[in-house]
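Based on the sequences and whatever the hints tell you, model everything.
Top to bottom, those sequences are chains A and B.
Counted from 1, the first sequence has number 245 at position 235 by our numbering; the numbering is strictly sequential.
Counted from 1, the second sequence has number 567 at position 68 by our numbering; the numbering is strictly sequential.
In short, the hints are calculated from the structure, not lab data.
None of these values were measured; they are calculated from a predicted model.
All C-beta atoms, glycine included, are put in the ideal place defined by N, C-alpha and C.
Mixed in with the good hints there might be a few duds.
[Claimed, not checked] A short, non-exhaustive set of chain A residues, derived as facing chain B with CB atoms under 7 Å:
{"hint": "1", "residue": "S93"}
{"hint": "2", "residue": "Q96"}
{"hint": "3", "residue": "N102"}
[Said to hold, decoys possible] Cβ-Cβ distance ranges computed for the label pairs, FRET-style:
{"hint": "4", "chain 1": "B", "residue 1": "V885", "chain 2": "A", "residue 2": "Q96", "range": "50 to 56 Å"}
{"hint": "5", "chain 1": "B", "residue 1": "W896", "chain 2": "A", "residue 2": "G211", "range": "57 to 63 Å"}
{"hint": "6", "chain 1": "B", "residue 1": "F510", "chain 2": "A", "residue 2": "Q96", "range": "22 to 28 Å"}
{"hint": "7", "chain 1": "A", "residue 1": "D198", "chain 2": "B", "residue 2": "I854", "range": "56 to 62 Å"}
{"hint": "8", "chain 1": "B", "residue 1": "I854", "chain 2": "A", "residue 2": "S95", "range": "30 to 36 Å"}
{"hint": "9", "chain 1": "B", "residue 1": "F798", "chain 2": "A", "residue 2": "D198", "range": "33 to 39 Å"}
{"hint": "10", "chain 1": "B", "residue 1": "V885", "chain 2": "A", "residue 2": "V32", "range": "40 to 46 Å"}
{"hint": "11", "chain 1": "B", "residue 1": "W896", "chain 2": "A", "residue 2": "A140", "range": "34 to 40 Å"}
{"hint": "12", "chain 1": "A", "residue 1": "Q96", "chain 2": "B", "residue 2": "W896", "range": "35 to 41 Å"}
{"hint": "13", "chain 1": "A", "residue 1": "V38", "chain 2": "B", "residue 2": "F510", "range": "38 to 44 Å"}
{"hint": "14", "chain 1": "B", "residue 1": "V880", "chain 2": "A", "residue 2": "H219", "range": "35 to 41 Å"}
{"hint": "15", "chain 1": "A", "residue 1": "H219", "chain 2": "B", "residue 2": "W896", "range": "35 to 41 Å"}
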Amino acid sequence: MNDLTAAKNKSLILSDVVKTYVMGTEKVHALRGVSINITRNEYVAIMGPSGSGKSTLMNVIGCLDVPTSGEYFLAGEPVAMMSESQLAETRNRMIGFVFQTFNLIPRADVFHNVEMPLIYGGMSRPERRARTEHAIERVGLTDRMHHKPNELSGGQRQRVAIARALVYEPSLILADEPTGNLDSKTGDEIMAMFDELHAAGQTIVVVTHEDYIAEHALRTIRLKDGLIEQDERHDKRRTQFTLPGAEPSEAHSAAGLESA
Amino acid sequence: MRGLMSITESFRIALSAIMANKARGALTTLGIIIGIVAVITTMTAFNGMQNAFRQGFSSVGSDVIYVSRMPWIIMNDFFLYRNRPNLEMAEAEKLEANLQGKAIVNPSMDTQRDVKYESKRIDGIRIVGTTEKQTVVSTAVPDIGRFLMAFDVSYKKKVAVIGKEVSDGLFDTINPINKEIWIGRNKFRVVGVMEKQGGSTFGGPNFDRQIYIPISSYVKAFGGRRSTDVDIAIKAPSIESMEALEYQVIGEMRKVRKLRPSEDDNFSINKLDTLMGGFNSVMGVVLGLGLLVTSVALFVGGIGVMNVMFVSVTERTREIGIRKAIGAKRHSILLQFLFESAIICLLGGLIGILIASLLTAVINAVLMPASISVPILIVAVVVSVVVGVFAGLVPAWKGARLDPIEALRYE
Ligand SMILES: Nc1ncnc2c1ncn2[C@@H]1O[C@H](COP(=O)(O)OP(=O)(O)O)[C@@H](O)[C@H]1O
Ligand SMILES: [Mg+2]
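Pasting the structure below:
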């Protein structure tokens, strides 16, 4: 019982997650046993060289894919056991995605893009409207509400994507190279927005390969060859402190499992 | 209910997708438009022919039973009736006596003759020998002058009531009343002109091209051995009593003919219903063939829609990935694309209905009395939606099954 209560206090628990792709006769081990705890209101950057398993980890965390083995609890729910339809529901309610390429629906205006998760959530129209307008206001695009994505700048598009990610008040915002397609000034603006959301209590995980982006986060997890190479906490002014060893078990204690 | 997207939302998403690509939607509907126009016109034409047929026989009352030597509709069983005896005047009189006034009995005979007035001449006019009761068993009434009367029949008067076409052909603008015409080698005096009945359709007799004369005069003028075959029309007091009357007539005829129980009837009972039945069974085949051809047109149209839907799904692979990432389930994606193809086809169907309406108006004006009925409209709408759903099924399923990760990666 205690474990379960503890689990519910976590945003996210991955324990010994393995993801293996089978390509014909060959097996590709994208994740070889990854354990991560992320508590509420953490701000985590996931880094690592190309092919290290970042995207695979993102897909597992984002409930787009299930692990080959290992366990994954999201707000206490065992994701590894979920059916396709349950995964869709979990993504809808608990995850807000922000992609490198914005991934907006081109023919829908800002309002309808942001509203979309609520539609799939089956929410009533008046409630959708209120929440959508509120989310758009939070990213400062109220005056662009009825513009199509192609009438917006890259930064504005990414803000629409952020509004869409947070409109359903997810447990976790998952951003994959959110500044990858933006110039550095606009990228900073977007990261400032993540900082703001974090300050307001949002849990955020950002995948990036750029150090200056990772510096916005308060914890950096480095992957290499499908394993966690380093898991460190730091503050924003680069006064990083590295945990003694980067073992997943250490991360557990650092995340405060014992406090439950 | 949480996690279940409403139908109206699927509908709106589908509609916005169509609106975003109007030109393609319009092109796609073309096949469906053609199919639906074909379906409606086939059905309307069938309906029109039915109406024309009914109109052509409108003077054959639906509450009248005819006793004749032959059935009206002979398929390939002519040999069964060939050796039947003619119906004699005497038999008609006996039958009338036996029915004891329960129904009105009118005997008639007919033949073909050329008719002449001064220099004008029309060939092959149907000459009907009948009685004053003709106007009771059929709905036709004279337009000018009078019909035959009892004393015309009793005194074998050589008078004639002519059809509208005969009147127009022989007399044009001259008043035909009391003019003497030649029917074959006999002179008859015109006493009346029947009102116009409408032209002949589908092999039915043209009632405007016939002449009524007293049956007694007919026998005297044309009654050779070969033309003594009488048709007996028997009018029931009401439609409801038709069936009982029919059995009674069969019974009395068998008595008149002194048939033993083991012997088959050697006469035929005919009704408007039999005629309509025959028409319907022949036209049913025509309709079936027409619908077969049109379903092929619709099928081809449907294949076109399916193709476009495949393109549409492939083109929007990324969109499907996005929608799935933010929580769309399979059924939401499935519904979105099914609605899209159903709406495209429905639009095609509606345009088809519009075009078919214009076509029907033209048919109505130049060919025959045709109109689009509500059931035909319903069929057209339902058919177009069903075609849309079927055409969209496989592409929509393909889209719904996409893996979100793969779909998001699609360029
Ligand atoms: N769908 C897949 N099928 C087969 N192999 C894959 C698939 N996705 C990723 N991989 C492999 O898994 C490893 C990790 O990939 P990925 O998670 O994309 O790394 P990163 O995002 O850090 O570049 C790579 O070797 C990659 O080729
Ligand atoms: Mg990657």
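Going through the hints against the structure:
1. S93: violated (10 Å)
2. Q96: With a minimum Cβ separation of about 9 Å from chain B (threshold 7 Å), the hint on Q96/A is violated.
3. N102: holds (2 Å)
4. V885/B <-> Q96/A: 50 to 56 Å: violated (33 Å)
5. W896/B <-> G211/A: 57 to 63 Å: violated (41 Å)
6. F510/B <-> Q96/A: 22 to 28 Å: holds (26 Å)
7. D198/A <-> I854/B: 56 to 62 Å: Holds: the Cβ-Cβ distance is about 60 Å, inside 56 to 62 Å.
8. I854/B <-> S95/A: 30 to 36 Å: violated (43 Å)
9. F798/B <-> D198/A: 33 to 39 Å: Roughly 59 Å apart at Cβ, these two residues miss the hinted range, so it is violated.
10. V885/B <-> V32/A: 40 to 46 Å: holds (42 Å)
11. W896/B <-> A140/A: 34 to 40 Å: holds (35 Å)
12. Q96/A <-> W896/B: 35 to 41 Å: violated (21 Å)
13. V38/A <-> F510/B: 38 to 44 Å: Hint holds: Cβ distance 42 Å, inside 38 to 44 Å.
14. V880/B <-> H219/A: 35 to 41 Å: violated (56 Å)
15. H219/A <-> W896/B: 35 to 41 Å: holds (38 Å)
Figure legend: structure checked against the earlier numbered hints; hints not met, in rising order: 1, 2, 4, 5, 8, 9, 12, 14.
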